[in-house]
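2 protein chains.
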Amino acid sequence: MREVAVIGVGMTKWGELWEKSLRTIFVESSLLALDDAGVDKIDSMYVGSMSSGIFVGQEHIASMLADYLGQAPVPSTRVETACASGGLALRLGFMEVASGMSDVVLVGGVEKMTDVNGHEATYALGTAADQEYEGYHGITFPGLYALIARAHMEKYRTTREQLAMVAVKNHRNGAKNPLAQFPFEVTVDAVLNSVMVADPLRILDCSPITDGAAALILCPVEMARKMKKPVVKITGTGHATDTIALNHRKDITWLEATFQAAKQAYAMANKKPEDIDFLEVHDCFTIAEICVIEALGLVEKGKGGKAYEDEITSLEGKIPVNTSGGLKSKGHPVGATGAAQVIEIVKQLRGEAGERQLKNPKVGLAQNMGGSGGSAVVHIFEKE
Amino acid sequence: MREVAVIGVGMTKWGELWEKSLRTIFVESSLLALDDAGVDKIDSMYVGSMSSGIFVGQEHIASMLADYLGQAPVPSTRVETACASGGLALRLGFMEVASGMSDVVLVGGVEKMTDVNGHEATYALGTAADQEYEGYHGITFPGLYALIARAHMEKYRTTREQLAMVAVKNHRNGAKNPLAQFPFEVTVDAVLNSVMVADPLRILDCSPITDGAAALILCPVEMARKMKKPVVKITGTGHATDTIALNHRKDITWLEATFQAAKQAYAMANKKPEDIDFLEVHDCFTIAEICVIEALGLVEKGKGGKAYEDEITSLEGKIPVNTSGGLKSKGHPVGATGAAQVIEIVKQLRGEAGERQLKNPKVGLAQNMGGSGGSAVVHIFEKE
Chain A
0 MREVAVIGVG MTKWGELWEK SLRTIFVESS LLALDDAGVD KIDSMYVGSM SSGIFVGQEH
60 IASMLADYLG QAPVPSTRVE TACASGGLAL RLGFMEVASG MSDVVLVGGV EKMTDVNGHE
120 ATYALGTAAD QEYEGYHGIT FPGLYALIAR AHMEKYRTTR EQLAMVAVKN HRNGAKNPLA
180 QFPFEVTVDA VLNSVMVADP LRILDCSPIT DGAAALILCP VEMARKMKKP VVKITGTGHA
240 TDTIALNHRK DITWLEATFQ AAKQAYAMAN KKPEDIDFLE VHDCFTIAEI CVIEALGLVE
300 KGKGGKAYED EITSLEGKIP VNTSGGLKSK GHPVGATGAA QVIEIVKQLR GEAGERQLKN
360 PKVGLAQNMG GSGGSAVVHI FEKE
Chain B
0 MREVAVIGVG MTKWGELWEK SLRTIFVESS LLALDDAGVD KIDSMYVGSM SSGIFVGQEH
60 IASMLADYLG QAPVPSTRVE TACASGGLAL RLGFMEVASG MSDVVLVGGV EKMTDVNGHE
120 ATYALGTAAD QEYEGYHGIT FPGLYALIAR AHMEKYRTTR EQLAMVAVKN HRNGAKNPLA
180 QFPFEVTVDA VLNSVMVADP LRILDCSPIT DGAAALILCP VEMARKMKKP VVKITGTGHA
240 TDTIALNHRK DITWLEATFQ AAKQAYAMAN KKPEDIDFLE VHDCFTIAEI CVIEALGLVE
300 KGKGGKAYED EITSLEGKIP VNTSGGLKSK GHPVGATGAA QVIEIVKQLR GEAGERQLKN
360 PKVGLAQNMG GSGGSAVVHI FEKE
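The listed protein sequences derive, respectively, from chains A and B. Read in order, the letters of the first sequence correspond to residues 0 to 383 in numbering that gives the first Met the number 0. Read in order, the letters of the second sequence correspond to residues 0 to 383 in numbering that gives the first Met the number 0.
As the list makes no split between identical chains, a pair holds if one copy fits it or if it spans any two.
No more than 27 Å apart at the CA atoms, straight line, and that leaves these computed lysine-lysine pairs for DSS-like:
| # | residue 1 | residue 2 |
| --- | --- | --- |
| 1 | Lys346 | Lys382 |
| 2 | Lys40 | Lys262 |
| 3 | Lys302 | Lys317 |
| 4 | Lys249 | Lys40 |
No lab work stands behind these hints: they were computed from the structure. Since we're looking at a predicted model, the values are computed, not measured.
Please work from the sequences and hints to get the whole structure.
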């Protein structure tokens with residue numbers, strides 16, 4: 000298999016983009032990525048979207064987006080694994096370039112979530128849980144993550160304040176990201192006094208409903224070396240599954256799919272958790288980020304909460320997590336999130352992350368997951 | 000890239016399966032495919048489904064199905080390109096095995112369409128058209144194909160009787176297929192006198208609403224040679240896109256995506272249209288099959304209708320098309336159709352097609368398309 004590089008990245012500001020349609024936001028991001036890469040023709044594309052069918056009544060978006068991007072008749076594939084759809088699009092694009100089937104592949108994600116009302120959005124997001132065993136009985140995603148949070152607090156003495164510190168850190172980073180949906184800081188007190196959603200999770204523990212898209216251009220490393228941008232290689236990829244119903248798991252505080260996907264990616268990249276300089280991870284709720292850093296092996300099982308008191312995941316910490324602001328501050332257009340995580344990794348590795356730039360990072364990891372952790376995709380990136 | 004074989008196929012009887020859920024029908028077909036291949040462990044899987052979100056309120060099905068098949072934590076990916084989702088799953092599984100990333104990959108498709116009422120099913124299917132330019136203005140899929148049919152009749156003197164002959168031929172084949180939803184014969188008169196749906200298309204010109212799944216097991220050819228079944232190789236794959244809105248095409252009687260996908264597959268397999276012994280194609284409406292055989296180069300542009308008077312596509316004809324009964328008689332669970340087409344190809348090449356068995360066919364082609372032709376996937380198969 001050939002080595003693969005990310006040679007272009009593009010996204011526009013995320014938020015409630017009522018004046019734009021799904022096709023518009025995807026094409027805008029894709030054109031930025033093509034421009035960043037300095038190419039105008041692609042061989043193939045992959046688009047992650049969780050539920051364009053329910054959110055905007057449109058399936059078959061892979062063809063529609065290839066057409067509106069002026070790239071038809073190229074092969075174009077939509078992939079879906081709930082909120083990990085963007086990461087999965089990257090994995091398939093990687094495979095297509097690595098296999099030699101194509102040279103220049105666009106991968107990205109998109110979700111237009113604010114054209115429906117809150118009740119409909121909650122229903123659409125609920126389709127990532129097991130409808131027959133969870134959704135039809137009344138539970139929503141904040142409810143599922145609240146169960147995880149409560150179990151983690153009981154089992155490991157994780158505190159309500161530690162959960163809040165995840166949001167505080169991510170908003171502090173997001174305040175330095177001009178593309179973030181909510182680029183402002185919050186305090187622990189503000190989180191603790193915000194509206195209750197599902198006990199113990201409050202509104203400032205939850206990532207928002209967002210319209211947004213993100214796109215990346217991939218090509219073989221040999222080709223990337225002749226192009227205008229520093230070469231960022233994809234050196235590891237992993238993808239794994241678990242039960243999508245929380246009650247079918249042995250331990251609801253443990254993200255097995257993330258653990259398995261990371262194991263594959265670490266092995267492929269020949270890296271250990273301590274070799275990773277920074278990460279973008281799936282903080283759909285504050286408790287999620289805590290569970291993720293445990294499953295990735297960055298901290299011991301049960302010690303995730305403590306890491307936030309010790310500030311090891313802050314911009315200045317030992318292992319910065321979600322320098323972009325994460326899903327919490329940057330926004331969470333579900334199908335696009337996995338692709339946008341990689342944009343932050345690439346920007347940091349290239350030294351283009353502005354006010355939130357880390358000091359010369361070499362190795363980054365992106366972790367994207369679906370539902371309450373029933374699917375996960377992990378990638379490792381290295382600056383050449 | 001490695002050579003890839005299909006070593007197992009599985010599907011159960013299609014129809015209105017009200018007593019079974021989406022997960023049940025997919026798992027049943029998959030277990031049959033695993034049994035047929037003689038393997039019980041897979042490395043990865045791909046599932047095609049067009050709109051499980053709208054039809055049964057469930058996204059994230061790739062993980063759910065891997066779990067219910069007892070295969071989690073293997074990577075599992077859902078792909079979607081409307082009614083060509085099953086064919087696309089095959090293409091990606093092919094790529095994963097060919098690239099060397101995995102050895103044994105399950106690919107399949109599923110759609111559970113009869114748990115909603117007719118109005119909702121029409122809406123769900125309409126999401127394969129361009130909602131902003133077509134659906135919201137009131138047109139449905141029978142309406143879109145009626146426009147194509149009328150244009151083909153005006154431009155090429157295709158007759159209403161020729162359209163009917165497509166249905167007659169496919170029902171004649173389907174009557175020999177015990178898994179078909181509607182395994183009975185119809186006459187030209189019956190088609191011409193059936194209920195009008197969208198002039199000139201009548202109910203017997205339309206494929207039905209169906210619950211169904213289909214699954215295939217892929218592995219490298221070298222591994223397949225050591226297994227119990229005759230080796231069926233995938234020698235060509237093609238995938239292409241076009242505008243999903245019919246009015247954006249230069250000529251609505253011409254299926255450009257099918258033409259482009261076939262061109263890729265023919266080139267890869269080093270085959271010409273005249274080298275193909277038999278085909279399974281996407282007859283979602285009778286007019287579709289006529290346009291498809293033109294785009295595949297089996298007959299001259301505009302001569303598709305005449306081919307049915309000459310009976311060249313019949314079971315005993317020069318180039319049998321849809322020996323399985325096609326979408327018309329076998330049924331059309333949209334995401335599963337592309338995988339089921341391949342089951343028929345494999346059964347014919349192995350000599351396991353029962354009453355509808357062709358005499359020693361060597362090369363088969365499967366063509367699967369989305370919407371009114373906005374995406375198409377073509378594969379070529381050869382018996383070793």
